[in-house]
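For the protein sequence lines, the chains are A and B, in the order given.
Sequential numbering from 312 applies to the first sequence in the numbering used here.
Sequential numbering from 312 applies to the second sequence in the numbering used here.
No lab work stands behind these hints, which were simulated from the structure alone.
One thing to keep in mind: the hints can contain errors.
Computed far set for chain A versus chain B, every beta-carbon distance over 12 Å [unchecked claim]:
hint : residue
1    : GLU518
2    : ASP555
3    : ALA721
Here are some, though not all, of the chain A residues that point toward chain B, as calculated from beta-carbon distances under 8 Å [unchecked claim]:
hint : residue
4    : ASP352
5    : PRO355
6    : THR383
7    : PRO425
Note that the Cβ used here is the ideal one computed from N, Cα and C, for glycine as well.
Number of protein chains: 2
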Amino acid sequence: MKQSQLFGKTLREDPKDEVSANAKLLERGGFIYKTMAGVYDYLPLGWRVLEKIKGIIREEMNAIGGQEVSMTTLQPKERWEKTARWKELGEEVMYQFKDHSGREIGLAATHEEPLTEIALRSIHSYKDLPLFIYQMQTKFRDELRAKSGLIRGRELLMKDLYSFHKDEKDFKHFYFNTVDKAYKKVFQSCGLDVYVTEAAGGSFTKEHTHEYQVLSEAGEDLIFYCSGCRFAQNKEISSFKIGDKCPKCKGEIQSSKSIEVGNIFPLGIKYSKSLGLVYSDEKGGKEFVTMGSYGIGVSRLMGTIVEVYHDEMGIIWPEAVAPFKVHLLELKSSESAVKNFAVKLYKDLLAKGVEVLYDDRSDKTAGEKFADSDLVGIPWRIVISEKTVEKKRIEVKKRLDKGVKLISVADFFKKINV
Amino acid sequence: MKQSQLFGKTLREDPKDEVSANAKLLERGGFIYKTMAGVYDYLPLGWRVLEKIKGIIREEMNAIGGQEVSMTTLQPKERWEKTARWKELGEEVMYQFKDHSGREIGLAATHEEPLTEIALRSIHSYKDLPLFIYQMQTKFRDELRAKSGLIRGRELLMKDLYSFHKDEKDFKHFYFNTVDKAYKKVFQSCGLDVYVTEAAGGSFTKEHTHEYQVLSEAGEDLIFYCSGCRFAQNKEISSFKIGDKCPKCKGEIQSSKSIEVGNIFPLGIKYSKSLGLVYSDEKGGKEFVTMGSYGIGVSRLMGTIVEVYHDEMGIIWPEAVAPFKVHLLELKSSESAVKNFAVKLYKDLLAKGVEVLYDDRSDKTAGEKFADSDLVGIPWRIVISEKTVEKKRIEVKKRLDKGVKLISVADFFKKINV
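Please model the entire structure based on the sequences and the hints provided.
Shown next, in the form of structure tokens:
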């Protein structure tokens with residue numbers, strides 16, 4: 312992509328109404344546009360990052376047998392009255408209104424009710440179980456405070472997986488082994504170090520649920536954890552304090568603010584009972600289906616990565632989620648050899664399937680180009696200038712490197728394995 | 312994918328509350344689930360078809376320089392008051408309501424206002440033009456009547472492209488050449504024969520707009536057209552009647568109901584004027600940006616394909632949009648050789664990258680499997696039975712073939728080029 316044609320320009324100043332680093336840097340870098348508090352548009356750079364994250368999640372969900380669907384945003388009141396959540400969610404986060412004919416409608420803040428209803432048509436026998444259904448879909452939540460950029464959105468992209476099982480044993484295996492492993496792979500691919508944190512189960516389970524927490528001062532959670540054995544508890548259930556002995560490894564308990572990037576949640580038979588989801592077991596008896604739900608905040612993940620990976624100059628994308636792999640900067644020159652060199656390298660990189668953003672802008676100084684490159688945070692920066700062309704080399708720098716290297720194009724291709 | 316594990320079972324009976332063929336067949340086939348009139352969930356089979364269609368559209372949009380973004384559903388009232396469309400759309404199709412804090416919000420039914428506002432940050436000079444921005448995103452429209460399945464939805468998936476130009480000449484070239492060609496490719500790839508139909512321009516252009524119409528009794532439009540030279544006009548602007556001479560080729564004018572699968576629309580400077588989108592021209596003067604908008608109903612396209620491609624037994628997917636390429640049916644047998652043969656073929660097909668749905672269900676008769684296969688409409692049907700295994704052959708039939716062929720696996724691979 313040529314940067315002269317890229318939709319979404321960088322801004323010199325931080326947006327005035329943002330406090331969080333992710334919102335400031337993503338808006339300044341031209342990744343997102345703020346329509347309202349907690350409601351962001353994704354411009355081409357941001358859209359590319361989001362697609363990368365979705366790809367990572369989709370791969371792991373498919374690998375554990377997940378089937379992708381897409382459920383609706385518009386929701387009829389009647390469906391949510393069966394679980395008493397029309398009133399409960401309506402008082403908190405669910406947008407609810409009447410359509411032109413007077414019918415009461417809500418915007419889906421989560422999808423347990425719709426999927427359980429849909430499953431009535433697919434689950435009849437123990438032979439139909441287990442089932443793992445997921446989607447990546449926009450959720451709407453009327454959050455009181457939405458001031459952490461992509462960390463807490465009113466319109467947010469989520470991956471929500473739901474599982475259906477014949478019994479607790481089958482559920483627990485999927486929950487503690489299959490999903491937990493897949494989640495850890497997802498976060499690792501995104502470059503994030505997570506603490507699997509015990510948390511409260513809400514009103515219908517006495518067991519703990521589990522949150523995937525990333526240590527960050529931008530977080531709204533507070534966890535107590537042991538960096539040795541990775542034991543962690545959310546403040547809401549924890550009786551530990553800083554300096555206590557870890558109950559598992561006798562290490563020292565620490566505390567930190569953190570961002571919840573995912574959670575896994577036993578649903579028991581709450582929804583199957585309310586909506587009548589039963590199956591015939593091997594002996595012909597009728598049993599309620601045991602369920603679990605498993606969320607990952609996709610847009611929140613994007614915000615979290617920026618919170619963890621940035622410095623005073625801008626974002627530092629981990630390669631797997633970067634909008635482009637290479638940022639090719641052509642510096643202004645009266646010699647046509649510079650442009651020719653840059654154009655040829657751009658085409659060669661594209662031909663090798665490398666995602667490259669080519670800063671071909673003729674009205675920007677070298678300083679402006681360097682500043683934009685640091686802000687946008689693409690992993691590899693290449694500079695083509697009169698000096699490099701003369702030496703038949705290119706100037707290469709990774710985003711966090713202090714110095715630059717002058718190497719041949721062939722050596723750079725080797726470095727990035729193309 | 313093994314059919315025994317597929318989420319979304321086929322139904323023997325038509326859903327009672329549907330009248331259109333696309334809704335009946337897609338719901339019976341397990342592609343969609345009806346949450347409300349005009350509001351459908353996409354189950355795994357339907358989700359796959361939708362992704363295929365999105366892939367076709369995305370390829371053509373990228374090929375003409377389109378940059379993909381994702382704009383928000385939640386929209387602030389103030390933005391839409393600048394173009395007086397808060398009231399205009401609010402009376403018709405826009406869902407509008409107050410959030411918990413009393414702020415007035417609408418659900419986006421289209422995205423001219425948001426994108427024009429966002430473009431204020433990116434378009435300053437003639438050097439920033441032209442720009443082509445698109446998204447594939449859910450739109451919300453409170454349609455009075457929503458009884459044609461996916462043809463007219465309240466929650467619908469659309470591809471909307473917007474173009475920004477320095478003048479009418481540049482706009483017209485993009486409109487009449489670039490987009491028109493890309494749209495024809497999209498519809499051709501989906502197996503649809505479209506008439507580019509002149510239609511009324513609405514309140515702000517005296518020129519015609521152009522609709523891409525597919526002849527179908529399920530359509531809500533009526534067009535007058537010439538099958539010889541492809542001249543076509545929407546009834547709303549046409550002065551022709553059946554049997555008239557075509558004004559272009561002297562052929563005979565015919566008439567048909569039709570489905571509008573896409574449209575292209577000159578916006579002139581309506582939105583740039585209302586929202587202040589100006590650029591500096593070569594001489595330093597200020598000009599309003601000329602715009603166009605270009606829609607394709609993605610979910611409507613799925614419904615239209617079913618309207619065009621079905622028979623009394625079910626759907627007949629064109630290969631490019633089929634949820635799977637091959638439907639592999641294993642018929643019940645006490646001989647393990649049948650299952651072994653089927654499993655091996657299933658694995659070989661997967662290894663060759665062929666998308667295959669493997670009907671491994673042990674509780675279905677041959678008749679039920681054949682009926683489901685005709686209903687779901689996957690292009691290639693393969694049957695493995697005691698008879699075929701004995702002859703070391705497989706039974707192959709394309710969805711519309713009358714008879715079957717017994718051929719070797721190697722010959723089948725050749726047939727599908729793998």
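Hint by hint, here is what the structure shows:
no. : hint   : in the structure
1   : GLU518 : 27 Å, holds
2   : ASP555 : 40 Å, holds
3   : ALA721 : 30 Å, holds
4   : ASP352 : 5 Å, holds
5   : PRO355 : 5 Å, holds
6   : THR383 : 5 Å, holds
7   : PRO425 : 7 Å, holds
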